[in-house]
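Participant: Okay, here's what each chain looks like letter by letter:
There are 2 protein chains.
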Amino acid sequence: MEFDLVILGAGSGGYEAALYAVRRGMKTALVELNPASVGGNCLNKGCIPSKYMRYGAFLVDRFKVMPRYGITPQGYVLNYQRLREGRDDVVITIRENFKKFAQHIKLPIIYGRGVLRDRNTIYVEGANETLKAKYVLLATGSHPAAVGDLQPDGKHVLDTDQIWEIEDFPKRVLIVGGGAVGVEFAYIFKSYGSDVILVELKDRVLPSDDIPEDSARFLGRKLKKLGVDIRTKTSVESWESVPEGVKVSLTDGTEVIADFILLAVGRRPNTDNLGLKEVGVEVNDKGFVKVNDFAQTSVENIYACGDITSPLMLAHKAMYEGKIAVNHMLGGQDLKRNERIIPKIIYSAVEVASVGLTEDQAEDLDYEVSVGTTSFTTNPKAMDDGENEGFVRIVADEDTGEVLGCHIIGPYAGELIHQVVHLIRDGKDVEFLSKNMYSHPSLSEAIGQSASEIYYGPITWVKR
Amino acid sequence: MEFDLVILGAGSGGYEAALYAVRRGMKTALVELNPASVGGNCLNKGCIPSKYMRYGAFLVDRFKVMPRYGITPQGYVLNYQRLREGRDDVVITIRENFKKFAQHIKLPIIYGRGVLRDRNTIYVEGANETLKAKYVLLATGSHPAAVGDLQPDGKHVLDTDQIWEIEDFPKRVLIVGGGAVGVEFAYIFKSYGSDVILVELKDRVLPSDDIPEDSARFLGRKLKKLGVDIRTKTSVESWESVPEGVKVSLTDGTEVIADFILLAVGRRPNTDNLGLKEVGVEVNDKGFVKVNDFAQTSVENIYACGDITSPLMLAHKAMYEGKIAVNHMLGGQDLKRNERIIPKIIYSAVEVASVGLTEDQAEDLDYEVSVGTTSFTTNPKAMDDGENEGFVRIVADEDTGEVLGCHIIGPYAGELIHQVVHLIRDGKDVEFLSKNMYSHPSLSEAIGQSASEIYYGPITWVKR
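One line per chain: the protein sequences are B and U, in this order.
FYI, the working numbering numbers position 353 of the first sequence as 670, with every residue one higher than the one before it.
FYI, the working numbering numbers position 297 of the second sequence as 614, with every residue one higher than the one before it.
Hints are supplied without guarantee of correctness; some may be wrong.
Intra- or inter-copy, both count: the list cannot distinguish identical chains.
[Claimed, not checked] 30 Å max Cα-Cα, derived DSSO-like pairs, lysine-lysine:
1. 451 <-> 416
2. 653 <-> 752
3. 539 <-> 519
4. 423 <-> 344
5. 607 <-> 519
6. 472 <-> 550
7. 539 <-> 381
8. 488 <-> 381
These are calculated hints, taken from the structure and not from any lab test.
Using the sequences and the hints, build the whole thing.
Facilitator: The structure is reproduced here in structure tokens:
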């Protein structure tokens, strides 16, 4: 069969690129391992099921604020099976909708493992089909990493592919890794009543350079307040199987017993055994495919998107790169890869959202930096909603006022950040943001106020 | 005492303008009736206390979705006094913060009724002080309207100044008026267990032209599903006091008994007895002060903002106009009144947000209109959060692609709309919106998808 475009992988990046390509008139096919993996990691074993459980945790948390609203709950019972059913129902619904929609727009999904035979030929193992393609998009995603002795066995050590299969809330869980996934599960399990120990090698949770120190510390404190036992600068020395589950020796000299270890130490790109080397697609020493601004690999007609192009493994990065690639195949140069406009959002005890540069990153790039911060503590809408914690922090170039980054921690940070994402993409400055219209009362007001702190100077300047 | 600026009214508009003026270096004073009315209607008897109660109603509503998240609540008890205490606590905290902050930045608040003596002189009754001012900003707000026989008496007929004083949830309440306030209280009382009858003269709830038919009908259906007895094309014919409260004859031929009638039929500007006529400030036949694009009245050094300038009585309109006025006093012409960029947000059983033109309004202005709609039903984040109802609707100029309006109904519509508010202010088109970065999963994705429906054509075009 001959196509304009064959896409290896029907995850977030591949699927979005396929819809976009169909929309733009390309004869397109998707290659995906099997019907159960359509939607990829995000849908099946990542952001979608975790966000579902996280919303449940958020609901459990609401019991605490209810009394202030004249609501006295008479207790509640938690049931893991119901949670899991609800979660899987959402995942399966989205997955089946995907497939139906593909059928509807006549987008074939060929099941099997796709391998490049030459730059225009894909052989699909399993389906035993050979596809010819003018363009190829590699969207094969990633798999969970393991470290040293911590090899996932699905029983004592679970990785983020396996965690979905547990049958009940753990009594006690040890989470290894304080990144986005670690803090998300820490909040989920803690809210649902588990004891949670979180170990992180670095000196804070969310150790990524893209997340400012302030946001990370804020979340860390909040998790601690909820009772999560956070151990930074700590890792696992050894572990053994015991009747209760696992007994783990930590590098802080303590021993803990837990039902199991959840391994959340990052992911590795799926770039092996795809025939990349054979057709000349260059891969770096970490296994990432080398791409230019248009998501094009070293082979002109072969593009790549998502987890295989860089360590920033986010579904929307994959989706955006997929569109960039298709757009470029059709001659468009207006869309370009730009990690600075990609928001990073973590859903834990609060939402943590970042886009663009942190203050530290901006200073490292030799900007003179201005920062404006507004707390949600006194934000009327946040107060009305009983969630007045966190802040908005805007980082700007002192000379030009250009908005370099925005970092929000607090209610709906993950949605709020978008208004700044769009304006950063457009190169807007703090003057523009401060002169925008923000409804009252709204959480969004805190964005305008932060910009005004920079543009007009702090409101308390009259005293200085 | 002499000031650069004296502001009559320390409500949303007056207070915001004062902060802005201080920030810009003007010697400013606020005149406000009394210490308990600082913050004006929005803070004391409007958006802030109602949003608090609305969030409580939303929390009560969450009990319905909890089972899907593995949470089985064992019942709950409702207590009006606790709700009221929590609500009043937020209001008082914000009000006192306001006052403390004014003191901190040396912004005097003079208590009493301010009246213009001449264009530069304000006499404050009560305080018995005379203030001289280079500029004056009128920010006196509005008061609830009454109609015919329905005169608020605080017992049988309550207006929106009086509703805050009730001592318990009503068993049964008749709400007159299906606008923003009516549908908000209908949801609050219904969620907290009251029987609610809502009568509206027009043929739908939210009858404002600024809210599209689709949004209004959607909300109406949702309220009905919750059990609100909505009677459109209906009004009150007569009422009488009975032991249970009131017996009301409606124009649909029925009689209903309720604890009381809540009157939510709009507001009238506070422009009487301020000395406006005497100093030459022109007022129209509805009592609104005539202002130009810069919120300037017919008297050069006197400006007006908020509820007294037009029937669009929103706190953020007042706040924005206050800033426009101050900016213009200081020579700035870059900020202008523009009701098209003012979002209208209603917090009821769902959030309803609109900015810019509706499809009908755009057609009336002879635009060739394109519309792109995306449902939240299949939005993954909305599904995860158990709130996948509603839609995003973008109205664009077919010729240029310019975004003319955006209408969102669904979760966090009131925050989501801001990203479009800013882009409409900047004259952006659907191409810009469709090429933006939206995180996945997020509710915001529905905005990009709606824009893409217009820019690329509906995704199903291949079948046409």
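Participant: Given a CA cutoff of 30 Å, do residue 451 and residue 416 count as a within-copy pair, a between-copy pair, both, or neither?
Facilitator: Classified as within: same-chain Cα gap 24 Å, cross-chain 68 Å, threshold 30 Å.
Participant: At most 30 Å between CA atoms: does that hold for residue 539 and residue 381 within a copy, between copies, both, or neither?
Facilitator: Both. Shortest intra-copy (15 Å) and inter-copy (28 Å) distances satisfy the 30 Å Cα cut-off.
Participant: At most 30 Å between alpha carbons: which applies to residue 653 and residue 752, within, between, both or neither?
Facilitator: Cα proximity of residue 653 and residue 752: in one copy and across copies (29 Å, 10 Å).
Participant: My question is about residue 472 and residue 550: at a cut-off of 30 Å on alpha-carbon distance, are they close within one copy, between copies, both, or neither?
Facilitator: Within one copy only: 26 Å inside a chain, 64 Å across chains, cut-off 30 Å.
Participant: Please work out whether the CA atoms of residue 423 and residue 344 approach to 30 Å or closer within one copy, between two copies, in both situations, or in neither?
Facilitator: within (9 Å within a copy, 68 Å between copies)
Participant: Should residue 539 paired with residue 519 be assigned to within, between, both, or neither, using CA atoms and 30 Å as the limit?
Facilitator: within (18 Å within a copy, 49 Å between copies)
Participant: Given a CA cutoff of 30 Å, do residue 488 and residue 381 count as a within-copy pair, a between-copy pair, both, or neither?
Facilitator: both (22 Å within a copy, 27 Å between copies)
Participant: Go through the copies and call it for residue 607 and residue 519: within, between, both or neither, with a Cα cutoff of 30 Å.
Facilitator: within (28 Å within a copy, 62 Å between copies)
The structure is consistent with each of the numbered hints, conforming to all of them.
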